Structures are given as structure tokens and as C-alpha cells.
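There are 2 protein chains.
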Amino acid sequence: MAGGGSDGRSVAEKLFAIADAFQGREDLSLSEIAARANLPLSTAHRLVAEWVEWGGLVRGEDGRYRVGMRVWRLGVRQPTAMRLRRIAMPYLEDLLEATTEHVHLAVRDGLGAIYLERLSGADAVSVISDVGSRLPLHATGVGLVLLAHAPSEVFDEVLASQPRRYLPNTLTEERELRRRLAEIRSFGISTSLEELTRGAFSVAAPVRDATGEVVAAVSVIAHVERVGEPQFALGVRMAARGISSALGYRPAGE
Amino acid sequence: MAGGGSDGRSVAEKLFAIADAFQGREDLSLSEIAARANLPLSTAHRLVAEWVEWGGLVRGEDGRYRVGMRVWRLGVRQPTAMRLRRIAMPYLEDLLEATTEHVHLAVRDGLGAIYLERLSGADAVSVISDVGSRLPLHATGVGLVLLAHAPSEVFDEVLASQPRRYLPNTLTEERELRRRLAEIRSFGISTSLEELTRGAFSVAAPVRDATGEVVAAVSVIAHVERVGEPQFALGVRMAARGISSALGYRPAGE
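Protein sequences, first through last, are from chains A and B.
Residue 78 in the working numbering is what sits at position 78 of the first sequence, and the numbering runs on without skipping anything.
Add 254 to a position in the second sequence, counting from 1, and you land on the number used in the working numbering.
FYI, nobody ran anything at the bench for these hints, they're computed from the structure.
Model, not experiment: these values are computed from the prediction.
Each residue gets a CB set at the ideal place from its N, CA and C atoms; glycine is no exception.
Keep in mind that the hints are not guaranteed to be accurate.
Unchecked claim - Ranges between beta-carbon positions, derived for each pair:
{"no.": "1", "chain 1": "B", "residue 1": "Thr-426", "chain 2": "A", "residue 2": "Ile-128", "range": "47 to 53 Å"}
{"no.": "2", "chain 1": "A", "residue 1": "Asn-38", "chain 2": "B", "residue 2": "Glu-411", "range": "26 to 32 Å"}
{"no.": "3", "chain 1": "A", "residue 1": "Glu-93", "chain 2": "B", "residue 2": "Pro-422", "range": "38 to 44 Å"}
{"no.": "4", "chain 1": "B", "residue 1": "Thr-426", "chain 2": "A", "residue 2": "Asn-38", "range": "49 to 55 Å"}
{"no.": "5", "chain 1": "B", "residue 1": "Arg-418", "chain 2": "A", "residue 2": "Arg-25", "range": "38 to 44 Å"}
{"no.": "6", "chain 1": "A", "residue 1": "Glu-176", "chain 2": "B", "residue 2": "Ala-500", "range": "43 to 49 Å"}
{"no.": "7", "chain 1": "A", "residue 1": "Gln-23", "chain 2": "B", "residue 2": "Glu-430", "range": "17 to 23 Å"}
{"no.": "8", "chain 1": "A", "residue 1": "Arg-9", "chain 2": "B", "residue 2": "Gly-364", "range": "30 to 36 Å"}
{"no.": "9", "chain 1": "A", "residue 1": "Asp-123", "chain 2": "B", "residue 2": "Asp-274", "range": "55 to 61 Å"}
{"no.": "10", "chain 1": "B", "residue 1": "Gln-277", "chain 2": "A", "residue 2": "Asp-7", "range": "42 to 48 Å"}
{"no.": "11", "chain 1": "A", "residue 1": "Asp-7", "chain 2": "B", "residue 2": "Pro-422", "range": "58 to 64 Å"}
{"no.": "12", "chain 1": "A", "residue 1": "Arg-86", "chain 2": "B", "residue 2": "Glu-448", "range": "26 to 32 Å"}
{"no.": "13", "chain 1": "B", "residue 1": "Asp-348", "chain 2": "A", "residue 2": "Leu-193", "range": "33 to 39 Å"}
{"no.": "14", "chain 1": "A", "residue 1": "Gly-199", "chain 2": "B", "residue 2": "Ala-487", "range": "43 to 49 Å"}
Please build the complete structure, drawing on both the sequences and the hints.
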């Protein structure tokens with residue numbers, strides 16, 4: 001089957017590999033797409049043309065390809081992402097105003113935390129997360145909160161995946177991870193110091209829906225020099241509580 | 255070729271027809287997808303499974319399919335949609351506060367206006383637009399503004415498409431459309447009364463980028479009883495001007 005681009009993948013899988021080539025990239029040339037999707041140039045050329053015909057990719061005047069409005073329109077039909085963002089936005093904005101750093105809203109997707117929203121103050125610390133990013137559960141504030149409230153199989157899978165130690169403070173061993181997750185469940189908040197990003201700390205808290213299930217997490221990432229300021233923990237707690245309440249959550253005894 | 259679902263469409267076209275089935279719908283059963291994509295049930299079953307395998311569609315506990323997080327994540331890589339929304343948001347929020355009705359941000363996509371954002375007050379008039387909606391240029395406030403500043407071929411295409419008269423006030427004839435578009439260009443604002451939605455009026459204005467090109471439109475849709483209140487035209491103008499300025503537009507002579 002050499003030379004024809006047949007590699008055991010279905011046409012659909014090849015089409016989706018082209019879409020995946022755009023993760024983390026705003027625009028790509030045809031040869032970059034072919035390389036990232038692991039396709040011969042001729043196959044990439046033919047399938048990219050199908051994407052363009054549909055409107056899922058657009059070819060710019062510079063000859064480079066970008067994600068098209070068609071995919072954006074389809075994506076906004078994702079029920080969780082749109083509803084959570086819409087409900088959470090006023091609380092995230094209040095939290096940004098109170099902290100002037102990065103404010104995140106994330107949901108769990110397998111072993112990753114997907115960032116549904118990021119609001120940032122003008123002088124916020126430099127971070128790698130952005131809207132649509134998917135970062136590992138064990139190394140982010142929102143991820144640890146989501147992991148603390150996930151089924152135990154998810155924790156087993158995280159351990160089995162050999163979690164990476166990004167910085168000296170990143171938790172990777174079972175015992176230290178278990179202790180941290182128990183702390184998060186007890187205190188209702190997670191505080192991380194330089195676990196993924198040097199010079200930054202994060203405070204994160206869980207968001208619950210009407211059934212009491214943790215469906216998202218809110219966090220602030222800020223310059224490490226500000227770690228002692230009281231508005232971070234307070235603000236994150238209030239934002240998480242406000243969003244939960246807007247989702248219909250009523251704490252026991254209230 | 256009977257029975258096998260071969261109808262001259264490529265696999266890619268069939269996959270994209272499945273995606274298109276979700277326009278305007280939050281969830282669909284397999285048979286609804288097959289019907290809307292015009293595919294035999296067996297073909298739909300096989301291709302939907304490929305979408306699910308990738309994460310572009312998700313099957314809920316109720317057996318119905320929804321757009322998955324994967325598509326949402328890909329969609330947020332659409333450069334125009336994300337950048338424009340992010341830059342425009344504070345101005346749209348101010349406009350919502352000043353008017354307490356619906357606030358829209360839209361861009362032109364062929365002969366349609368795509369709604370990038372909609373913010374709504376609690377008592378806003380009932381409308382059909384939502385984030386991701388695509389409505390005809392000739393029948394919406396934002397659409398008329400975008401059409402007024404589009405290349406003349408677009409106007410010819412709108413006329414050739416036999417624009418639909420949704421309500422008695424909808425403009426559909428060449429002479430009345432030409433006059434309205436000229437007015438919009440002269441006054442820098444468009445005011446429509448019950449052209450798409452009964453009981454509603456709209457005020458819309460163009461957003462320009464650093465090159466002076468009209469790249470988007472802002473509008474308010476409000477209850478017709480409030481048509482005389484001065485904050486609508488003023489607010490829409492200020493929002494459009496603020497967003498244009500944030501995009502780098504500098505009016506001549508300033």
C-alpha cells in the first residue's frame with residue numbers, strides 16, 4: 001500500500017487528523033498540515049480541499065490555512081461550554097476585578113482540564129493556558145480540583161499515565177497526590193505554588209450543579225509575590241459559590 | 255449503487271453533512287441525524303461512530319448526540335471570531351447596561367450575518383438570533399450595515415437570491431434596498447422597524463479595523479415601544495466607535 005497514503009486510517013480519521021493539526025496553532029501551511037497530520041502531501045492537499053469546500057478551513061491571502069467560521073459556529077453548539085461560560089461570566093468578571101490577574105473556568109475532559117474561559121488583567125503573570133487549551137489534571141489548580149472530585153478510576157488513570165514533573169513542585173507521586181486531593185476535598189479549595197508555571201501561584205475551587213456534582217473549577221493564577229494577599233482565596237470561593245448557585249446548587253442545611 | 259448509501263457525495267461531504275445537521279439544534283437522535291444529513295441509517299451510524307471516536311460528537315445517557323468539546327476547542331481557534339469577541343466584549347457590556355435589551359456583534363459570511371455574540375437583558379424582546387446564528391443580510395440591522403459596506407457583487411448576489419419578505423416591512427426590492435444602503439452609508443447607522451421580528455426595532459452601526467474596512471456590525475434589538483428613547487442610537491454609535499478604535503481605526507482628520 002506504499003505511496004498512496006493508505007496507512008490503515010479511515011478517511012474520517014485522516015480528516016480529523018487535519019483538524020487536530022490546528023491545536024495550539026492559529027494558521028498552518030499545507031506542508032505543515034501534512035507533517036502534523038502525518039499524511040502524504042497529495043492526500044493532505046485533497047482532504048484540506050474538502051475542509052475548505054465545507055468552510056471548516058479557510059485559505060488566507062497569504063496561502064496559509066486557518067479554522068473557518070463553520071467550525072466556530074458548530075462549536076458554539078456544544079451545550080456545556082456555552083451554558084457554563086454564559087452563566088459564569090459575571091462571576092469571572094467580578095473575580096478579575098478583585099484580583100487583576102488571570103481568571104480561569106475549566107471542565108474535566110478525560111485526564112485533562114479544558115479551559116472554557118480565561119480573563120486576564122493587563123499586568124497578569126505569563127501563563128501557557130488559553131481558551132480551548134487542555135492541560136494535565138495533576139499540574140494545574142483547576143485540574144487538581146477536578147481530579148479531587150472525579151471517580152477514582154480517573155485518579156488511577158492519571159497515575160498510570162506517568163504524570164510529568166514540569167517543575168520541582170509538581171506533584172507526581174501517588175502518596176503526595178492522594179494527600180493533596182484529600183486536602184482539596186476537606187478545605188474546598190486548592191492552592192498551588194509553581195507547579196506548572198514558574199513565578200506563579202494558583203487558587204482554585206469547585207463549581208457544583210443542582211445535583212451537587214462538581215462540573216467545573218474556577219481559579220486565579222497570579223504573581224507569586226502576591227501569594228499572601230487575602231482576596232485570592234476569598235474571591236475564588238465567592239466566584240465558585242456564585243456560579244454553583246446560578247447552576248441551581250443548594251448546599252446541605254441551607 | 256442502490257442500498258449502499260452511495261449518492262455521489264464523498265466521505266468527507268457525508269461527514270460534514272452530519273455536522274451540518276446540528277445547525278440550530280442542541281441534540282439529535284441517530285435517525286434525526288440520518289434524515290437531516292440525507293443519509294441511509296447504516297451510513298449515518300458508521301460515520302457518526304467516527305465523529306464520536308474523535309470526540310466531535312458525544313452520545314449522552316439519553317442516547318442522543320450532541321456536539322463535543324473537541325469541536326468547541328477547534329472552533330475557538332477561529333481567529334476572527336475569538337479576537338473580535340474578546341476586543342468587543344467590554345463595549346458590548348456597556349451597551350447592554352445602557353439599553354437592557356439585546357446587544358449583537360456580527361460579521362458577514364457570504365450572504366449571511368453570523369452572530370459572534372449576543373448579550374441580553376432580562377426583559378429583552380423575543381428574537382430568533384443566537385450566538386452562532388446566521389441570518390440573511392437584507393432582513394437584519396447588522397446585515398444591512400454589513401451589506402452597505404460589502405463589495406457590489408454581494409449586493410447583486412443578494413438580489414439574485416430572491417430575498418424573502420419576512421414581514422411587511424422587510425426590504426426586498428432593488429430600489430428600496432439601494433436607497434436604504436445609501437442612507438446607512440451617509441448616516442453611519444441603520445434603523446429598522448419590524449423587518450425580521452414583530453414588535454422589535456433595531457439600531458446597528460459598522461465596526462472598522464485599522465485599514466478602515468468594515469469588519470463587523472454592532473446592533474441593539476429592542477421593544478418597539480422604546481423606539482423614541484435616545485440611548486439606542488447613541489449607545490450603538492459609541493460601542494461601534496469604541497470597538498473600531500480598539501481595532502486600531504483612526505477616523506480621517508483625527
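Here is how each hint holds up against the structure:
At roughly 51 Å, the beta carbons of Thr-426/B and Ile-128/A sit within the given window of 47 to 53 Å. Between Asn-38/A and Glu-411/B, the C-beta spacing of about 40 Å breaks the proposed range 26 to 32 Å. The hint said 38 to 44 Å for the Cβ distance between Glu-93/A and Pro-422/B, and at roughly 41 Å that hint holds. Evaluation of the 49 to 55 Å hint for Thr-426/B and Asn-38/A yields a pass: the beta carbon distance comes to about 51 Å.
At roughly 40 Å, the beta-carbon separation of Arg-418/B and Arg-25/A lies within the given 38 to 44 Å, and the hint holds. A beta carbon spacing of about 45 Å between Glu-176/A and Ala-500/B agrees with the range 43 to 49 Å that was offered as a hint. For Gln-23/A and Glu-430/B, the hinted distance range of 17 to 23 Å is not satisfied, since their beta carbons lie about 48 Å from each other. Taking 30 to 36 Å as the suggested C-beta distance range, the pair Arg-9/A and Gly-364/B conforms, at roughly 32 Å.
About 44 Å separates the C-beta atoms of Asp-123/A and Asp-274/B, a value inconsistent with the hinted range of 55 to 61 Å. Our hint of 42 to 48 Å for Gln-277/B and Asp-7/A is violated, since their Cβ atoms are close to 33 Å apart. Asp-7/A and Pro-422/B have their C-beta atoms about 59 Å apart, which keeps the hinted 58 to 64 Å range intact. Distance hint for Arg-86/A and Glu-448/B: a CB-CB separation of about 28 Å, consistent with the stated range 26 to 32 Å.
Our hint of 33 to 39 Å for Asp-348/B and Leu-193/A holds, since their Cβ atoms are close to 37 Å apart. For Gly-199/A paired with Ala-487/B, a C-beta distance near 48 Å keeps the hint of 43 to 49 Å intact.
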